[in-house]
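There are 2 protein chains.
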Amino acid sequence: MPIAVLADTPQETEVMLLGIVIIVSLFGLAFAGYLVKWVMARSTGTPQMREISDAIKSGAEAFLRRQNKTIVMLAALVAVALFVGYGIVREHRTFDPVHSSMALGAWVTGSFVLGALCSLIAGYVGMWVSIRTNIRTASAAINSLNDALRMALRGGAVSGLLVVAMSLLGVAGLYAVATFTNAVPDGEETKIPLLIVGYGFGASFVALFAQVGGGIYTKAADVGADLVGKVEAGIPEDDPRNPAVIADLVGDNVGDCAGRGADLFESTAAENIGAMILAATLASAAARANIDFNYGIIGVMMFPLVARAFGIIASIVGIMMVKLRNEQGDPMKALNVGYFIAAGLAMIGFGFTCWWLLNAQDAPDAWWHFFICGIIGVVTSFLFVFITQYYTEYHYRPVREIADASRTGPATNIISGIAVGFESTALPVLVTGGALLGSYFVGKNAFPEGSGVSGGLFGTAVATMGMLATAAYILAMDTFGPITDNAGGIVEMSRQPEAVRERTDRLDSVGNTTKALTKGYAVGSAGLAAFLLFQAYMDEVLHYSGLYGKVDPATGRVYEFTVNLSQPVVFVGGLLGCMLVFLFSAMCIRAVGKAAQSIIAEVRRQFANLPRKNDMIQFPDDFKPDYAACVDIVTKSALRQMIMPGILVVASPIAVGVLFRVFIDDENPLIAAEAVAAFLMVGTIGGILVALFLNNAGGAWDNAKKYIETGAHGGKYLTDAAGNKIKNPVHAAAVVGDTVGDPCKDTAGPSLHVLIKLLSTITLVMAPLFIAVKDDHGPDLRDPARVTLPGEPVPDADRPNVFDPAATPTPTTPTTPQ
Amino acid sequence: MPIAVLADTPQETEVMLLGIVIIVSLFGLAFAGYLVKWVMARSTGTPQMREISDAIKSGAEAFLRRQNKTIVMLAALVAVALFVGYGIVREHRTFDPVHSSMALGAWVTGSFVLGALCSLIAGYVGMWVSIRTNIRTASAAINSLNDALRMALRGGAVSGLLVVAMSLLGVAGLYAVATFTNAVPDGEETKIPLLIVGYGFGASFVALFAQVGGGIYTKAADVGADLVGKVEAGIPEDDPRNPAVIADLVGDNVGDCAGRGADLFESTAAENIGAMILAATLASAAARANIDFNYGIIGVMMFPLVARAFGIIASIVGIMMVKLRNEQGDPMKALNVGYFIAAGLAMIGFGFTCWWLLNAQDAPDAWWHFFICGIIGVVTSFLFVFITQYYTEYHYRPVREIADASRTGPATNIISGIAVGFESTALPVLVTGGALLGSYFVGKNAFPEGSGVSGGLFGTAVATMGMLATAAYILAMDTFGPITDNAGGIVEMSRQPEAVRERTDRLDSVGNTTKALTKGYAVGSAGLAAFLLFQAYMDEVLHYSGLYGKVDPATGRVYEFTVNLSQPVVFVGGLLGCMLVFLFSAMCIRAVGKAAQSIIAEVRRQFANLPRKNDMIQFPDDFKPDYAACVDIVTKSALRQMIMPGILVVASPIAVGVLFRVFIDDENPLIAAEAVAAFLMVGTIGGILVALFLNNAGGAWDNAKKYIETGAHGGKYLTDAAGNKIKNPVHAAAVVGDTVGDPCKDTAGPSLHVLIKLLSTITLVMAPLFIAVKDDHGPDLRDPARVTLPGEPVPDADRPNVFDPAATPTPTTPTTPQ
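Heads up: the protein sequence lines correspond to chains A and B, in order.
Following the working numbering, the numbering of the first sequence begins with 344 at its first residue and continues without gaps.
Following the working numbering, the numbering of the second sequence begins with 344 at its first residue and continues without gaps.
Simulated from the structure, these hints should not be mistaken for laboratory data.
Because the structure is a prediction, the values reported are computed rather than measured.
Please note: incorrect hints may appear among the correct ones.
The list cannot tell twin chains apart, which means a pair is met if one copy fits it or any two copies do.
[Claimed, not checked] No farther apart than 27 Å at their CA atoms in a straight line, the calculated lysine-lysine pairs in the DSSO-like style are these:
{"id": "1", "residue 1": "K666", "residue 2": "K676"}
{"id": "2", "residue 1": "K400", "residue 2": "K967"}
{"id": "3", "residue 1": "K956", "residue 2": "K1070"}
{"id": "4", "residue 1": "K676", "residue 2": "K1068"}
{"id": "5", "residue 1": "K1059", "residue 2": "K380"}
{"id": "6", "residue 1": "K787", "residue 2": "K534"}
{"id": "7", "residue 1": "K400", "residue 2": "K1068"}
{"id": "8", "residue 1": "K1049", "residue 2": "K676"}
Looking at chain A on its own, in the form it has when it is part of the complex (with noise of 0.2 Å):
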């Protein structure tokens, strides 16, 4: 293996493959400037459109500088909490990974609040390139649909590189300045993970408020323009005259720019983390049954990060090759050809980091059972976007169902909805279960027989980095609907003509598919990334609780962490976590509800004194809408309203696992851990299928009444027998449930998104809390009074006790060529 030369001593490895994860992760974000560049030098288009976009911008960005203050106020609390739980109140223990609890405090605190402003920091630049790119591509629609598509999509893709590169820089400098500045012992790198585990907690902690705010902000809006405007007064949608029609098309930007952002941002960041630290396991379990990767543990636990580094330049060659030949082009077809480009590209730099990285002269199959993994995760992402489709394209069969349903009323419209949405969960669930025990399976089957090592759980975490090697391209799709969103109400507010508006329609019809299917994506990747996240927990809590390799006495067995649901203080903590799924849900939905009917209140009042003719509203030339009034009232009830929920999923599993340790006892010391473990999983599964059913319902009911507008069941207007024009009862039902799938489909789903990964990262970093440290727990592994079972072979009689660094085995060397 010629390329094993490249390094000699485990510190060049190391250098090397830091060096080249920080290079390419410092390309991606230069590559990201360029694109900005690219955007901001094309024409920002007429006056009139300036105006718009110039209101669009005030609006957004006022409400992101609030809602950043907020969460900053919030982030800062927990950031001292942190730091005089880790470094003041708890006690240091010698199998602590840093020499004193100062330093611990201070390495878990800092890297939330890292986490925590590189998340706000993609937030804001996700927002402000997108109100900027907004007009340019309404702008760019005025020549040709494929500038317009390619500026969308260019656009986009800054987020969608800034998000991917500067969590994979994160993760990777924490690492850097951990191992440069021996934070911890030498030999103990399997360490290093713990300690920034805070940079995954910041970043979800920033996510979870953003999207919850943001989706608040963009669907009160919504509905309540929606409401007073197309079904009272009888106006288009983005028309300017309805006061509520700036803070929709801000809503746009923040909810799903800045909250889409963050999310993401926070999954890769999680899922870095994660994965090293069950690479990180793998590699200690292979270093002591003797097998030796080519590179050794670091190898292993840089192979997460190398390998997304590799999926940063295919995502950027994907997003470059998007093009249309001629107007007449499908820019649906145009967007996948780039992301088929992208994944092949991926897969390719997969397969070679996993020949690289997971490559062992006594474990020859390795590297490629991991890449079959890693297809697997890639084969996931496909089937979950077909399930989408399936389940939310008018094409097939659920979303006629809906439509035929609103035939008879907006009563058998919303059932009808409902059990399509129901429906959703189970295909979905059948594909995640399928790739999490297939990957587990060929991850366990990795190794040689006998070896006693088991890649199986790191096989779910290679399908799950596999299902997110393309994220940034599939970031780039789903910034491309807000912003084509956006570019549609500007041109059709500055009255465009026919021509431009026809092309931003086709944008924005493929914007809210790609926005749809890359939910599909979110749900499906948060669900794996939850169960390798379940996984460090456990790791997690058997460090801190001083278990790690020791034996239990009662057994004589090397301790293990169970979940075990038929005790009742664990179950108990299953239920609980379920029951927050369903809490968080309500609260977000109602927020809405709440927000939506202030917003009407205020635009009925701006309408009160127009004439009216037939109770039809008659507006004078020179009306004038306050849409100043309504971005106030939405900014200040979203703020609002996304503060209880967030404190919510925050403090519920930490009050469970504080609270819960009223039950431990000698019998069961790690009972609150456990109970807490299983409120992160069962609350996993119940969030995964909320989200599933929130999401596809909403997909679904949006489409079902866009088919109507196609024309099906009579369309959006009737004629009476007079021959005068009227609204058609089954598309007015059909605006019924597409008016309620909102806040289901961007508030209450894509939250739970963020849900689920804050609940693991919250989780992992509390873990301490929730222990009773005794350390008076059993013999060492090493101790020679260790008991053994008569006929039992000695059980990993030779296993060092990787947190004593007398024990540690000498750090592999990668092997010579042969």
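The hints should help you fit chain B onto chain A, whose structure is shown.
Then chain B, alone, in the frame of chain A:
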């Protein structure tokens, strides 16, 4: 303890306790017979009333006949499969409860058939009595409110008593047969519950189809009748000109009466058997610790049955005490008085039974600890009722919020209802969690410290028994609902004077409340009972795997069956279990939507040629709707659509258990059974939450509409500028919510209660299928070569293997009085 002298030998104890139970059950049945006679002796009112009642009767009987035919065929298939599986395919094992495979097959199949048969009878008689009580209640309302109230309650009580007494009689009878035919070797009475688990499965199998079929029927008819009748044609509810009105009234009988009867029958049956299994486990453990109960193992095993017998007597007294002093009395208060009497008496009986049968000289505090567990159960049922009231009655915030949201149209009404439904899961979960943990820890401390006996799991079983103690009364109140609903329909359709209608309206509104409350009770008891049944399943898996009481050579400890959710295979089992809940709900709701649409089409067909003025139908005086056509359509539709969801629920856990056997290996011999356990447990958690969501959202939507009908937000009609009465759009919006809630609260929700318990009983019966039996699982505990760990107290060294007859302790004899 003077009562102890009542029996000298275990045989005498058995005869005495079984005698008490069987005599009380027979008394309960006889009393139900007396109530039937009492009801049948009353007047059946006017000829018009009889005509309507006859139409309902023939529709209900026709549906139930056809439904039962289908169910019997399905049950026969299952019975054959059970017999072949247990009697022929499965090899006999030495640790089996009986001497041969054939005998085991016969027992399991026989008890299944008996349970199914009793469940069919319970449903049929419930319907039979209720369609005869309807008309008599209507007729009694001509005289006085008190007469009508008592008529409806006593008619309902027939179901209640029949169900509870029959389930008790079945279990006690099967036990008696097993014991007196010496089916199990002497001294192995603890194995008898394993023989009769089929009874619970048979009961829930029938209950599922009855509830799903009846639930689809009742709501399809209701939704269909309302949408064309009230909304399109503008005729009032229960108007005889509506062709779907008879189908709607039939639905109340076949869905609410027959379905709920079968549901509660299986609840009590499964709970009786599950509690006996746990009692047997506890009593054996106590015997091994030399703690002898006054009535021995038999006394403890009979405790659940004896306590239930007292509950029947208490319920009878409560039912007979209900009366109104005068016309102004509040019927709800009268029902509450009866309930408090029943609950109070039941608790006295419960306390006495605890003191009598759970008393041991060496554990003098045990009995009152378990009594406290029982009280926890009763308090839990009170809390559930209060919480349900808070979320579904219009005196409180949630329903008012929905009514407020209706002012901005149906979309905000639905959004608000979804939020209320999600939110309403929180408090019940906290109460359930508190009850489980509370009773677990009270039970755990029931025995002296150091005795090594833990009554924790039995404590949770006792809490469930406390909650179900007044099941007969609760069921009477529940059946009261559809009876008064039908009585109101008959009064309305036969155009009785205003005063009579007012009386039935008052009762109907009370009936709506009791229906909602008992739904809260049902889901709460399902949650507690499920936890009990998990434990029974786990005990059973150990029995049938031959590992019960054996030492695991890998750990040197007695095998414990754990459900480790962090294992991928187990986690996927849990994920699938939760998904089943969503998919099943989808099927139920979708079935209602489809069946309702065919009703709507039929009614529109019948109305098509009627003259119209201003879009309002002008009914000719001789208009005769074709009721039978609607009844026929909905019958066919409900029967066709109950099959798939039923088969799904039965087949899924079996499929998981059998398919996941591929993951069995030496280290994980029970992995498939473990995955099924997770399927069951996480499925139950999901089932509880989704059922609460559906029930409470549905109830809240219903009452938000009723609240507006009391005049809030303008009431049902507004007056326009010209002084004409026009429909209030706020009310129309609330009607949409009400309609959406119908299939949620009356089809999917209650069916989920049955699903939860069916999952438990089916896994109990199918457990042997999921196990790969190996005969060489480690040394027996009594093996002298058995290992101990240095410094560890020899665990259970003198613990006999209860499945080796030679080693069984001589059955404990009751202590003589001190």
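These are the hints, each one checked on the structure:
1. K666 / K676: within (10 Å within a copy, 74 Å between copies)
2. K400 / K967: within (19 Å within a copy, 66 Å between copies)
3. K956 / K1070: both (17 Å within a copy, 21 Å between copies)
4. K676 / K1068: So K676 and K1068 fail the 27 Å test inside a copy (37 Å) and across (56 Å) alike.
5. K1059 / K380: This pair counts as neither: shortest intra-copy Cα distance 42 Å, inter-copy 61 Å.
6. K787 / K534: within (24 Å within a copy, 39 Å between copies)
7. K400 / K1068: neither (38 Å within a copy, 49 Å between copies)
8. K1049 / K676: Answer is within; shortest intra-copy Cα gap is 20 Å, inter-copy 52 Å.
Checked against the numbered hints above, the structure breaks hints 4, 5 and 7 and satisfies the rest.
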